[in-house]
Amino acid sequence: MAKQSALKTFLGGVHPPQEKERTANEPVREAQLPETVVIPMSQHIGAPCSPIVKVGDYVYTGQKVGEAQGFMSVPVHASISGTVKAVEEREHPNGNRVMSVVIESDGEDILDPSIKPNGDYHGRDPKEIIKMIQDGGIVGIGGATFPTHVKLSIPPDKHVDTIILNGAECEPYITCDDHLMRRDPDIIVKGLEIIMYATGVKQGYIGIEDNKPEAIAKMQEAAAKSDGIDVAVLKTKYPQGAEKQLIKAVTGREVPSGALPADAGAVVSNVGTAAQIYHTVVEGMPFFQKMLTCTGSCVKDPATYVVRLGDSFQSIIDQSGGFTKEPRKLISGGPMMGIAQFTTAVPIIKSTSGILCFDKELAELPEPTPCIKCGRCAHVCPMHLQPLYIQAYSLRDRFDKADEYHALDCIECGSCSYICPAKRPLVTSIRTAKRIIAAEKRKAKK
Amino acid sequence: MSEPKLIVSSSPHVRDKETTASIMQKVVIALIPAFAVACYVYGWSALMITAVCVASTCLTEFLIDKATGKPNSVKDWSAVVTGILLAFNLPVSAPWWLCFVGGAFAIGIVKMCFGGLGSNFMNPALSGRAFLLACWPTRMTGSAYIPADAVTTATPLGIIKEGLDASMLPSTLDMFLGTSGVYGAIGEISALALLIGGLYLIFTKVISWRIPVTYIGTVFVLSMCFGQDPFYQIFAGGLMLGAFFMATDYVSSPNTVLGQFIFAFGCGLLTVIIRQFGGYPEGVSYSILLMNVAAPLIQKYTAPRVYGYEKKKKKESEAA
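Protein sequences, first through last, are from chains Y and P. Just so you know, we're using this note's numbering here: the first sequence kicks off at -16 and counts up by one. Just so you know, we're using this note's numbering here: the second sequence kicks off at 335 and counts up by one.
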């Protein structure tokens, strides 16, 4: 069905080299049980957790070690069994030092005895299911780490009629969602069914870029068994997996500026998040392991792994055969939106989709030269902004003008910086403008 | 293991291969067919004029960079493009000093005085030509474009403008090919060669089709309205050169979709008006320069609709 209709997409976007071949066909590996894990108390947008264990405590795999603080917060769980060695501030992949629970493994990996399958969820109150999702520590693992239960608690004044699972995986290099869709299509579909049950929505889509034919076939096969679930085949184009662009591609609707996807009648979740929802709601398993891709120009034996949260980047790099060349850039996530790290000692957190290592050649970016006003940044901007002017005003401290050019609508996908022939860090300037405009607006409100 | 030295920078961590220099190099490549025709028709003079213009633009840019303590910007190839385009707008009889002054003015005044690459509000090559035309009118008009040994005494558009013997006009096919008996500025004579270069730029996505197609289309339709042979009008003079290589200059043209249509239509309209009613036989240069000045305004009012915003019209109608 999908093949005959034109591929769904949005206006704008770029085509960075895919670079997925090295890991797309490499079997998924189960990462070794880590000897130590570092569990940061902040792995989501919202209030950080407070640790509920102390040094010397024994913890089971899946045991809660950090308690959620309020509605906009989710708990964190131990990913291995063993002894708490420290509760202290540690390096976090977002660049800060964050309060973390450090657990030393006993090598047994004993699951918390209180974890039991919940069985069939049908007949349960949707509110109860949403609470289970919060208690399971589930956040959007596509990158924004927005607590999933908040997303699924749709306010009564909003009418949501579509749930979209994001399997676009438009970031180059990364193949973990592809692997997940090929390996566990039925679990993803069941996860989507739970989301639809919990929200009362009748139509679900799984959006996948057409560069993943096997994932599309597997997901279509799995989706055929359910009512109201379809696979939307999307054009391979970055940022196809960005929430607003995905909604536009699948439903043809736009999320109004400054509003939530629910205002466009849609809720978007990652395929990995949906799979975790199944594991939590049906099997009772909290969120303590995930898939990620370890690859890059200087990794010897790249692959996609199932890893425990809190394992270090270094540990996965070691299991990938280490470096072939001296690494000069280490990225948490993909090359377009990932965060550069200054150490391999950072832990894997809920949103880590990739560990990307670049050698000198790729790590060093060219020097910016003057803007020639070619307009490429504006043509590729998926939000239809004009990055060249926002940057020009931002660099001159004219944030009022940057605001007029809708800087706040930027989704920071980086397409403008990618395409710029003058190699100008456009999105970096827009980010700066956004922070300052937002701060000034907050000030004005007070 | 000792910690490797890692570069920390803001995303994205990859960049497209296209650079300012690679774009400019493609423009130079696209100008090669027209250059070949110029050399075939005008011989060594065409080569000399181009060489002097390029040397002048590059030298001026290099010296100003040095004097102002800026990094050497000649390596971005934009001065080379300006030099070639200026040369292509000059008559075969142009002496070397005229070429040199034109290049120095184009870069020194129009480009560098306004802030260098990306900051000039007009096309430097065309401004250079306009400057020379204003300073040395006899060297830049009429028979200046005709080689000494040629039979004819005027350019095709000159013949039409002066109402001279129409039998002296080359055929439309000759105008298209530009290789026999068609005279004009050295780079503008072969519509075919310029078309090949222009298509190369469109296919390599250096330029969009919007400006050249709209510009040429406007001239075609309006010429027809004024009772001229539309094919003759689009092959004649500097239209092909202007439409593909000058009006498409990034810096001095709008980059919005709608803005490019408006800009190119304006160029076409002014070209036909100047050709039809103006004092000069040819209007491409001035029409582009005039539209260059209007470009920022066009750009401002043709900004694309941002994702997540209603169309303005709709809002207004709702308000009303």
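One or more hints might be untrue.
What the hints assert, rightly or not - The calculated lysine to any residue pairs, modelled on SDA-like cross-linking and capped at a C-alpha distance of 25 Å, are:
#1 Y:Lys283 to P:Ile341
#2 Y:Lys424 to P:Val640
#3 Y:Lys384 to P:Gly450
#4 Y:Lys343 to P:Val435
The hints are simulated quantities; they were obtained by calculation from the structure and are not laboratory data.
Query raised in the report: Broken hints, numbered, in rising order?
Result: The structure breaks only hint 4.
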